[in-house]
Amino acid sequence: MKEGWLNRDAPPSQRGKPGPVRAGARQLVDALRDPENFQTSDWSGLITAARAEQLLGSLAFRLEGRPVPERAASILAGARREAAQQRTQALWEAEMARRACEGLSVPLILLKGTAFHAAGLDAAVGRSVGDLDLLVPRARIEEVEAALIDAGWERIKPADGYDDLYYRRWMHELPPLVHRDRDRMADVHHTILPPTARPTPDAAALIADSIAIDSGVAILSSPDMIVHAAAHLFADGDLAGGLRNLWDIDRLLRQFGAEPGFWQVLATRARLHQLTAPVALALRLSARLFATPVDAGIAGRARPSDRLFEARLLARDNWGRPTRPLLRFAFYLRSHWLRMPPLMLARHLLVKARR
Amino acid sequence: MSGTDNEKAGIEAFVPSRRTVLVLGAAAASTVVTIRPALAQTAGSVLNCEIPVPGPHAAGSYIAQDGSTVAAMTPNAHPPMMRPLRGQEAKALLQGSVPPGVNPSSAQAYANYIRRLQSGMSGFTCYASLQMPR
Amino acid sequence: MRHQLALQIGPVAFRIGSAWPEPLAALARLYAAYPAPADDICDFTVRLEPEKPWRRWIRPSVAIQGDYVLPDAAPMALAHGLLAAEMGMNLQMALGQKRFLLLHASSVEKNGRALVMTGESGAGKSTLAALLGERGWRLMGDEFALLDLDSGNLWPFPRAISLKNGAIAVMEGEAPAERFGPLLEDTPKGAIRHLRPNEAAIVGMNQCARPALILFPRFGADCAARGVGQAEIFMRLTQSSTNYVALGGAGFDALTGLVRSCPAAAIDYPDTEGAIDLVEALWSEAA
Amino acid sequence: MTAAPRYIAEHRDRVRAVELDGLVVLFHETSGMTHIVAPPAPEILDALREGPADAATLLARLAARFAFEQKDGAEAVAARLAELEQAGLVRRT
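Protein chains in written order, with this note's numbering: chain A, 6 to 360; chain B, 675 to 808; chain C, 7 to 293; chain D, 310 to 402.
Okay, chain A solo, but in the shape it has when bound (with noise of 0.2 Å):
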């Protein structure tokens, strides 16, 4: 543990005049970051906010065994089991994918989601999975992506026209695969972030670090984690869904941090994939809405900015309505800029325009 944790915010909850309820998200964030002393009077929005941030589950057991009225137990206790067959959906994606890749001797290293489940981190409890998310090198994605089609996965766009094109040519992943009978989607990807946008991580050393769990199955290492959840947070999409990206990030770190030489290490990896001021992003929001303890160093000093990121997080009502519309296609068009150099925006979004 270093000197100075970053706590100059007080948390949200003291911060601003308390209302009798706070607006949706708002609330949700209190109720994640401080199960043990919740309350509200408005249970219908602090759900309808969770079930919109894709965050119920998350919340259903960090509300397991504390006084809560009956039928919202209930709602809970759903959500709680469906979690578990969500859980076990995402290992089994895993497993049908590495028996399909068995013959290839290529570890499939498992990102996001299906990852925290697989080694039982606490970001994994309550978590919903979409997709399969799996890294592979470059030089090897064609032979996974072949195995995978063997198995009975199938490309969903088709393989002609611009979007296969523009996925193989700028994206950091394959077009995405299907399998035709469990309906699940499965994301190859080469590395963490596409080619074209500014931060280029070395994928190379994701590869080299990545910590195997299994016979033929692995996950990056703890910085390494950390980095890419930051990366995943502000430069894939226009930070929608962020609220449950940057819970990852706050369980992460908890979990984490307490490992021996775990900031020095995050700093020296944040360096390497050039993402040192994502991650310091992360780690001060994480901290303002979460209470995460993080290292002062890495998170480095507030900005004026932050305000505004923790105002989109946070943009939606107890109706479950997305609000600040402005805010938000303000970091739309940022999602664009730093996905893509001006040039090639102008091209796709043209193309985009022009069909």
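In short, the hints are calculated from the structure, not lab data.
Hints may be right or wrong, so weigh each one.
[Claimed, not checked] Interface residues of chain D toward chain A, partial, derived using beta-carbon atoms under 8 Å:
| id | residue |
| --- | --- |
| 1 | Thr339 |
| 2 | Gly341 |
| 3 | Gln395 |
Since this is a predicted model, take the numbers as computed values, not measurements.
The beta carbon of each residue, even a glycine, is placed where N, CA and C say it ideally should be.
We have chain A; now place chains B, C and D onto it with these hints.
Same frame as chain A, but now just chains B, C and D:
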């Protein structure tokens, strides 16, 4: 096993008799049926849905006779539909009739496009719900 | 939201928010005798919103939003706002219900035992349940049956009955006019008119029943009944459930329990009166 | 000549089985999936639980317990194994 008395059946459960005939089935037969999520049937019956032809993933493309999407202006291919098909119109198309507002010479291509929809593509849940007996 | 309404239907509570007053006024009239959620906690949120901001006023067009949405859903005319609210609630159940095993089935009760009818849409399971509900049975629900995962009992879910086309006239001859909603013409499903279940159904909305008979009705040339193998019943019920897979092992245990404890038959019928006689006959055999 | 693949079946504890007149409904805990299986699939799963086996060994195990009427037993057993593998109920060792 009919005609076997209870006591004997009980024993046979543990030590299968050589007389029990096991049909291994033809190589092409199927002995495993997996239950798939059945969202579509109910969703279709509770919701009004529509299918864009083609979907946003291929916006602007023409539709070839076999239902695949091809570059705009491809000879013998059909222009995109100006508006999405309503569920009932899509159903009529799939049954071989031509709903109002659809160019009869393009109807077959559009029907084939719908048949080729896959999970994850716009209109798929609607198409899946139409597949269910109503 | 600008306009709001909360409804308790059986064990499930909804809140519906709307950008316009009309859909909720119609909904409030239709559900006049229903209680508000006792604890002010709702299972599901439905929102009726303009498809685009200006579509609140100009050619108003209602998009069905809420906790769970389908991407292919088409917006509806404001005149069909009541139907949009009903579809919104149905959609939450179909996609979001995780407390019970949800069967796309109608059900009626007698002496604490339930008759469950499921099958293809348009096979008349809804009309049959509505008719039985006026003729000495307690209507539990015309659209969804909720199987308790622990006890194996069936929960009532007595929503307003959605009558389509020919079924409207059939029920207008059975139930008093004040229980009907407005006639909605030219909806995507043709003419639709909603019917509020009778008082027995509403008062009994918290009373579970033991499933005693499952029927798969179908229009046919003659009245006929045939037995259905248990594996086929199981298969058919999984296909009429939107959450069977999501419930995992709990769903498997509940559904195999139901199939093993409950006789079933497929029935063909040429008209509703014939169907009622057939159902009553099969029920006395099963009882 | 490459060795024929050897298969193992999912452990009995991971599969809930309920017999419904002649067919067996399986809930596979590991995958969360439900399968309805007809003979000889349940018998194959049982026989494989004695230990890993290739198709020929499996056929011999089945022959020790049951009589067959058909001649192309090996081909049929291979087809059944492929189905069960696709469903994830058996896998190669």
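task = Return the numbers of the hints above that this structure violates; sort them in rising order.
result = none
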